[in-house]
Amino acid sequence: MANFLFYAFAFFTVATAAGVVASKNAVNAAMCLLLSLVGVAGLFVALNAYLLAFLLLLVYAGAIVALFLFIVMLLDMKETESRGFGKLSFAAIILAAGLLVTGLSTLVTRGHLDTGNPALTPALGTDIKLYSYQLFTTYLLPVQVMGFLLLIAMLGVIVLSKRWEGSDDVT
Amino acid sequence: MTSATLDHYVLISALLFAIGLFGVLLRRNTLVVFMCLELMLLASTLALVAFSRFNGTMDGNVFVFFILTVAAAEVAVGLAIIVALFRKRQTIQLNELNSLKN
Chain R
1 MANFLFYAFA
11 FFTVATAAGV
21 VASKNAVNAA
31 MCLLLSLVGV
41 AGLFVALNAY
51 LLAFLLLLVY
61 AGAIVALFLF
71 IVMLLDMKET
81 ESRGFGKLSF
91 AAIILAAGLL
101 VTGLSTLVTR
111 GHLDTGNPAL
121 TPALGTDIKL
131 YSYQLFTTYL
141 LPVQVMGFLL
151 LIAMLGVIVL
161 SKRWEGSDDV
171 T
Chain S
1 MTSATLDHYV
11 LISALLFAIG
21 LFGVLLRRNT
31 LVVFMCLELM
41 LLASTLALVA
51 FSRFNGTMDG
61 NVFVFFILTV
71 AAAEVAVGLA
81 IIVALFRKRQ
91 TIQLNELNSL
101 KN
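Protein chains in written order, with our numbering: chain R, 1 to 171; chain S, 1 to 102.
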């Protein structure tokens, strides 16, 4: 049963991620990103990281994709995705796809990562207490740096989106 | 059907990263390029959680917290830049933003 869920979520995630790249409309791309996030959250649950799955849905699906959709609606751009590549770009695409297929097939056939039995390895991600212990001991400095980063990002966004006097905005 | 091992998760993560990279290279809408960047970040978080689970450590899981925070800050600033760009130039298509080229 767990295996079936893994394959289902993995296929779902990759298919919707391809939908993000393939869809012409930006709204459809955002919706596919949302579905892909749900798939990754399912994989997190399969990996016993329940808190991270919850946080991923809360932060990404709740905040980031909503922000993306809001901006897509706000900008209201015209659907002129001009396709068509030059010869050089086309050769580069073929080369990149070939390299990608080679790399992935090598990973499948030869890349065996030596790990123990997952049933014997303790699933530490289930214990919320461990997260907080790690965050407040080993990773205390990074947590504070993150706080400053969020503050600076907030100030930067306010400065960027404010209309200054004398700016030559078209609209 | 074999049990899902670390290899499977790393393969899914690599596939997600490759799809995101292709999106960044192929698409010309800045917003969609940004979404593909988010996909690449997501692939890295998946790999971190998988390695953390199969090695019995906690560090990968904690790193995902930081990645989530940085992604949130990045999206906020990036979207603000895109909105400012649209106000200035009335377009966010990458092939039309070529002032530095000429």
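Do not rely on the hints blindly, as some may be mistaken.
Unchecked claim - Think about it this way: if two alpha-carbon atoms lie no more than 25 Å apart in a straight line, the pair counts; the simulated SDA-like pairs of lysine to any residue are:
no.	chain 1	residue 1	chain 2	residue 2
1	R	24	S	55
2	R	24	R	77
3	R	162	S	89
4	R	129	R	141
No lab work stands behind these hints: they were computed from the structure. None of the values given here were measured: they were computed from a predicted structure.
> Of the numbered hints stated previously, which ones are contradicted by the structure, given in increasing order?
Replying inline: Those not satisfied come down to hint 1.
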